[in-house]
Amino acid sequence: MFFVQALGNAPVSELPGPAPPGEIAARLTFQGEPPGSLTMRVTAGAARSIAADFLGEEQETVSDQQTAEVVCELANMICGSLLSRVEGATTFNLEAPRIVPPSEGPAGGPWTTVYTVDLSNGALSVTVTTETPTCPEPAQSAS
Amino acid sequence: MAYRILIVDDSPAMRTFVRRVIELSGFELSVCFEASNGWEALDLLRTEWVDAILTDINMPGMDGQQFLLRLSEDELLRSIPAIVISTDATAHRIASMTSLGARGYVTKPFLPETLRAELERTLGVPCE
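Quick note, the sequences are listed as chains L and A, same order.
Here my numbering is used: the first residue of the first sequence is 2, the next is one more, and so on.
Here my numbering is used: the first residue of the second sequence is -6, the next is one more, and so on.
Since the hints were derived computationally from the structure, they do not count as laboratory data.
Ideal Cβ placement from N, Cα and C applies to all residues, glycine included.
Check before you lean on any hint, since a few could be wrong.
To be verified - Subject to a maximum C-alpha distance of 25 Å in a straight line, what follows is the list of computed SDA-like cross-link-like pairs (lysine to any residue):
{"no.": "1", "chain 1": "A", "residue 1": "101", "chain 2": "L", "residue 2": "87"}
{"no.": "2", "chain 1": "A", "residue 1": "101", "chain 2": "L", "residue 2": "83"}
{"no.": "3", "chain 1": "A", "residue 1": "101", "chain 2": "L", "residue 2": "122"}
{"no.": "4", "chain 1": "A", "residue 1": "101", "chain 2": "A", "residue 2": "62"}
{"no.": "5", "chain 1": "A", "residue 1": "101", "chain 2": "L", "residue 2": "60"}
{"no.": "6", "chain 1": "A", "residue 1": "101", "chain 2": "L", "residue 2": "114"}
Claimed, not checked - Non-contacting residues of chain A with respect to chain L, defined by C-beta distances greater than 12 Å in every case (computed):
{"no.": "7", "residue": "24"}
{"no.": "8", "residue": "25"}
{"no.": "9", "residue": "33"}
{"no.": "10", "residue": "42"}
{"no.": "11", "residue": "94"}
{"no.": "12", "residue": "113"}
Looking at chain A on its own, in the form it has when it is part of the complex (with noise of 0.2 Å):
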């Protein structure tokens, strides 16, 4: 099965970097969205359909935080499982972004093979 993601960051570079990394990890990936911030990834789930998401956390506009407040309290959105991506690596943060509802936490910098773990263990995707 392929997924469709989206990746949230305001970074240009580092949106591409993500894409890029995903499809070299061999992850089956079918379709990869992109928004700059949290507005632009809501007004994108108005009409598309994602499999999970992956979100900075500081983001002008609408941050990492209030993007996921408000996919929890979305009654579909919140099923979409959202994992954060961020160089804050402190256990205060952790805690923090998963009881906002992230289902997973990858810190930069990381290895394309930590990035895809993440996303299958999130997506239950089953261990080869």
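One chain only, chain L, in its complex shape (with noise of 0.2 Å):
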């Protein structure tokens, strides 16, 4: 739906910050077992290419405000299908996608993950983090 070309896995040396000029963050919270967050960085020129090609427009003639929108539903459809996929998932319930503004940093939590990946324009990263494990540790069998 929205053709991106993926090159690959990029390094993830630390958990990113405030999203630096020149990127669009977006994140939702979500509650269920666990609750947590989702943010979704996207360098800029990315995004505006992802959001032409989403809505079958020139990206000369795409707007801020459409990119934004475009970049909050890639957010809702990543965290939908990564929870979706979460074994024994309950219902999560998903808040509306937002834009973060730079100044905002990361959402906080015990249990984090960070997955970026290198686009032919840019790149994209995911943090999602939870209040719990979202797997719980295997049970430790008596010996």
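Reconstruct the complex from the two isolated chains, following the hints.
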């Protein structure tokens, strides 16, 4: 749906901080077991390209508002798809995604997973933070 | 025969995309209405007839679940088939929306042919 070509995994050396200039970040929280949040960051140029493909428009005619809407929708889809794969998933309720201002840092939480992928025209990262592990540790067998 | 469709989603980008996908899929589309939540959709349905409804679940104001419930409670509107379009692919959610009256379910992301097939199946369009 988004016609994005991923070139491969990008190295993750540390948890991402606030989105630097030239990046757009969207975040949504979810309630369920466990509750948490997903933050997606994408290079501004890549975001506009993705939005143009999604809307069937030329990049030059896509507005900042439209780009923000598409970025939010992409974050929504990634989050929903991820949560649907949680083994034994209960019903998750996703809040509406929102664009995160550059000054706002990453959502805190004890359990955080970061995944970054290089795109042909930028990079995209997804940070998932939950209050408890998504998959509980297996019980130790008695010896 | 060309069909009248109503798209209900709080994301303008998603409404644009769904309409575009329907058009690109070759589905016989006559008119495509849009609403940003269940309330707007019900207002529109007071004056316009549609052949099928495509609805999101998570929407402010009136969400997809409440919207389906309202449709099922209306003698006239309950005959309009509703297809849910959602990121939630869990069996629990699909069963829940089906029990509320959804006749179809499409999980995001989806291919154009998937949406067209679900529309045609729901509307009883004969296979070519």
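Here's how the hints hold up against the structure:
| no. | hint | verdict |
| --- | --- | --- |
| 1 | A:101 to L:87 | holds (17 Å) |
| 2 | A:101 to L:83 | holds (12 Å) |
| 3 | A:101 to L:122 | holds (24 Å) |
| 4 | A:101 to A:62 | holds (22 Å) |
| 5 | A:101 to L:60 | holds (24 Å) |
| 6 | A:101 to L:114 | holds (23 Å) |
| 7 | 24 | holds (19 Å) |
| 8 | 25 | holds (14 Å) |
| 9 | 33 | holds (16 Å) |
| 10 | 42 | holds (28 Å) |
| 11 | 94 | holds (18 Å) |
| 12 | 113 | holds (20 Å) |
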